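Student: Construct the entire structure; sequences and hints are all you get.
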Amino acid sequence: MNNRIVRMITGLALGFLFSILTYQSVRAYTCLTQETDCNAGSSISSWTASQAVSYVRTAQREPYQLGGGWWNPNQDQDAYDPIKGYEGPDCSGLVFKSWAMSYSTGSTAYWSWNKTHDVHGPYQATSFYGGCSGACRTLCGSSTTNCSSYTLSAGDAFVGVKQYLGFDNHIVMITSRTAGGDYYVVDSNYNGYGADGGGSYYNGWKETTSGRADYKNINGVKGIRRNPW
Amino acid sequence: MKLTFSSQLKNRLLPWRDFALCLLAGVVIGVVTISNGFFAQPAHAAPTLDLSRFDDEMNPAIYVDHLSPVVVKEGETFDLEFVLSCAYIDIFPDCSPNATILVADAPNGKFTPIQLKEDNQSGSPVWKTTLVAPMKKGQTVEYYLEVFEPQGKVNVRYPSSGTIQVNVVETFTEVLVSPSPEITTGELVLQLPWGNNESSVGLFEDETMIAGPGAFATSTKGEIALQDPVNRRVLLYNPESDTFQSFPVHLSDAGDLEFQTDGSLLVANFFGEKTDGEESIVPQLYRIKADRGAIERVGPIFARIPFYITKDASILNRDDSLVKPMNAQGKGRSRDEQKNDRGKPPLGIRWLDDNRSRFSDPNAGLAIEISSVSPSGFISHFVKTNDGYVIVFRSDVMHVLWLDREGKLMNDTTVKPELYTEWNPYTLVKVTPNGDVWYMNSTLDGIAIYKITQP
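Residue numbers (our numbering), protein chains in the order written: chain A, 1 to 229; chain B, 230 to 684.
No wet-lab data here; the hints were simulated from the structure.
The structure presented is a predicted model; accordingly, all values stated were derived computationally and were not measured.
Hints may contain errors.
Said to hold, decoys possible - Pairwise CB distance ranges, derived in the manner of DEER restraints:
id	chain 1	residue 1	chain 2	residue 2	range
1	A	Gly106	B	Pro575	46 to 56 Å
2	B	Ser390	A	Asp78	29 to 39 Å
3	B	Pro684	A	Thr144	31 to 41 Å
4	A	Thr116	B	Asp284	18 to 28 Å
5	A	Thr116	B	Lys365	54 to 64 Å
Stated by the list, open to error - Among chain A residues calculated to face chain B with C-beta under 8 Å, some are:
id	residue
6	Lys84
7	Tyr86
8	Leu139
9	Ser148
10	Asn191
Ideal Cβ positions, reconstructed from N, Cα and C, are used throughout, including at glycine.
Tutor: Here you go:
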């Protein structure tokens with residue numbers, strides 16, 4: 001085979017390889033990066049409150065990460081990911097995915113989100129507090145009242161802002177009720193410095209009784225529900 | 230000379246022209262291949278479910294949320310409702326569990342299957358049936374659930390072992406509670422500032438949370454044990470010597486401590502740790518023996534939602550079963566041992582609505598129905614004491630009721646706990662066997678423990 005043919009075959013192969021590798025790396029990046037829809041989620045026709053409850057429970061014993069939107073549901077802390085960052089959703093990211101909300105602000109359409117993809121959604125706790133631009137509604141609570149005399153259901157959420165909570169703006173989902181009439185919620189807990197005694201995270205999700213604040217009885221904390229539930 | 234250089238260059242580059250053209254062609258072929266979907270995700274074959282990722286105790290394949298009626302009156306009609314949801318909706322988004330309840334209305338009676346009916350509540354399916362309590366004093370209604378989900382081919386029994394028992398009583402001792410009495414304050418027993426020295430407790434504050442002690446316990450000798458997760462220790466106060474002892478251990482703010490009858494102190498981290506032999510984070514139990522020598526790890530607690538430690542070394546799990554993580558020799562028990570030997574809480578509670586709750590002590594043949602003029606809040610404690618019972622209702626205040634052994638209301642009082650750090654109404658309030666109620670406040674300055682003596 002003469003040199004010309006060797007060069008041509010090599011060129012062809014390298015060109016093909018270049019395009020495939022470029023595609024794969026761009027695809028890997030865009031599919032794992034926040035605020036993209038590439039394999040992170042898909043439109044679905046329905047989603048119930050009980051499905052939201054099973055979804056939110058998968059975050060149990062996973063880390064909390066401010067601004068985060070992904071977790072590997074293995075009840076353990078995963079290693080730092082160079083593209084997605086540290087594992088763990090924050091409160092609004094967890095409720096956004098669990099409620100199967102659309103990335104389109106205010107839309108009540110349902111989207112199924114892959115837990116391991118870093119998608120936080122457009123809503124912060126304050127956006128939930130303000131009604132999610134129409135995607136959720138307030139059932140109880142205002143600046144001068146609380147939710148003590150209102151019965152919330154599994155899949156509803158408590159949301160509060162710092163002014164009333166004492167700590168930062170926060171949202172937690174209700175999973176069920178206790179025999180004593182209290183609520184079970186999935187809330188973040190202080191966990192020392194690392195579940196393994198040497199890790200870096202101090203704040204992890206757990207299904208618990210009441211949560212870490214008396215959400216039901218704090219004036220200014222609202223009980224909210226996803227629309228159209 | 231110029232032409233010679235140009236032609237030399239041309240002669241040198243000419244062979245690479247084919248290479249460049251082929252490189253370009255390769256890129257074009259690659260793009261065409263990609264755009265034709267050759268490298269897209271292959272169409273999924275029918276998904277299969279790896280059941281090994283689930284276990285009945287910590288991580289069930291199908292969640293069953295259910296509140297037992299606990300105690301009903303003879304001939305009373307009552308509903309049983311179950312919410313079923315798949316933990317594997319990521320694989321089968323349309324999973325649709327259905328269930329059959331098996332009911333027996335006599336001890337050792339035959340279980341009869343009843344197909345549950347699906348009802349829609351707030352957009353979610355609820356499986357329910359209605360039963361009538363038998364007209365026979367002292368009888369129980371027992372039941373369990375068999376759940377099947379066809380897509381994942383998953384069978385689940387609820388509860389995973391044993392049955393749920395509803396106590397049938399002839400009548401309730403009726404108690405009417407007036408609106409909460411005027412707010413009082415207990416007697417201050419111990420006050421500690423925030424800090425990390427011998428006689429202080431740790432405070433953690435950042436933009437997302439404020440954390441401090443999430444539990445305390447008191448012994449019959451007057452000792453006070455405090456969970457101090459920020460300083461990674463248990464702090465033990467001895468009132469006789471007015472000294473503190475520190476026991477280093479990694480804790481979360483979710484946990485509890487409780488003195489046992491043998492004088493030892495059990496300490497639980499309900500968030501948990503990953504230990505040898507476990508693939509995930511599991512709640513952990515520790516013990517400080519009566520000689521107060523050192524804190525030692527007992528082992529894991531296989532409870533999905535632990536509430537608190539009891540005085541007989543059990544953990545109340547999801548308010549309907551008792552997990553026993555430790556054997557009589559003080560050693561940790563295996564997952565199977567904990568699963569196969571679960572207990573039932575000796576006392577039953579059932580909140581019916583804002584103004585009505587039921588309480589039962591089947592061993593004493595007692596059933597109480599409490600009605601309140603104003604909303605009572607939820608029930609955080611129902612404890613049998615030396616003289617009767619103590620009930621604690623929580624709303625924005627803490628309403629404590631003392632009842633005698635027949636269930637008659639003897640006294641009540643109201644306090645308003647103050648919480649700067651996180652709250653836990655179950656582990657920051659303790660009822661002692663002599664009927665005293667202790668509670669912890671937290672403020673900007675530190676923590677304070679108060680005692681309300683039984684009137």
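Student: Each hint needs a verdict: does it hold in this structure or not?
Tutor: A quick look at each hint next to the structure:
A hinted range of 46 to 56 Å for the beta carbons of glycine 106 of chain A and proline 575 of chain B is consistent with their spacing of about 52 Å. Between serine 390 of chain B and aspartate 78 of chain A the CB atoms are about 33 Å apart, so this pair conforms to the stated range of 29 to 39 Å. Range check, proline 684 of chain B to threonine 144 of chain A: about 35 Å between beta-carbon atoms, so the 31 to 41 Å window is met. Between threonine 116 of chain A and aspartate 284 of chain B the beta carbon distance is about 21 Å. The supplied range of 18 to 28 Å therefore holds.
The hinted window of 54 to 64 Å between threonine 116 of chain A and lysine 365 of chain B holds, with their beta carbons roughly 55 Å apart. Residue-level restraint check for lysine 84 of chain A is violated (minimum Cβ-Cβ distance to chain B is 17 Å; threshold 8 Å). The interface hint given for tyrosine 86 of chain A is violated, since its Cβ lies 14 Å from the closest Cβ of chain B, which is over the 8 Å cut-off. Of the supplied interface hints, the one on leucine 139 of chain A is violated, with its beta-carbon coming no nearer than about 10 Å to a beta-carbon of chain B, more than 8 Å.
Given the 8 Å rule on beta carbons, the hint for serine 148 of chain A holds: about 6 Å separates it from the nearest Cβ of chain B. Given hint, asparagine 191 of chain A at the interface with chain B, holds; its Cβ is 4 Å from that chain's nearest Cβ, closer than 8 Å.
Violation of the numbered hints given earlier is confined to hints 6, 7, 8; the remaining hints are satisfied by the structure.
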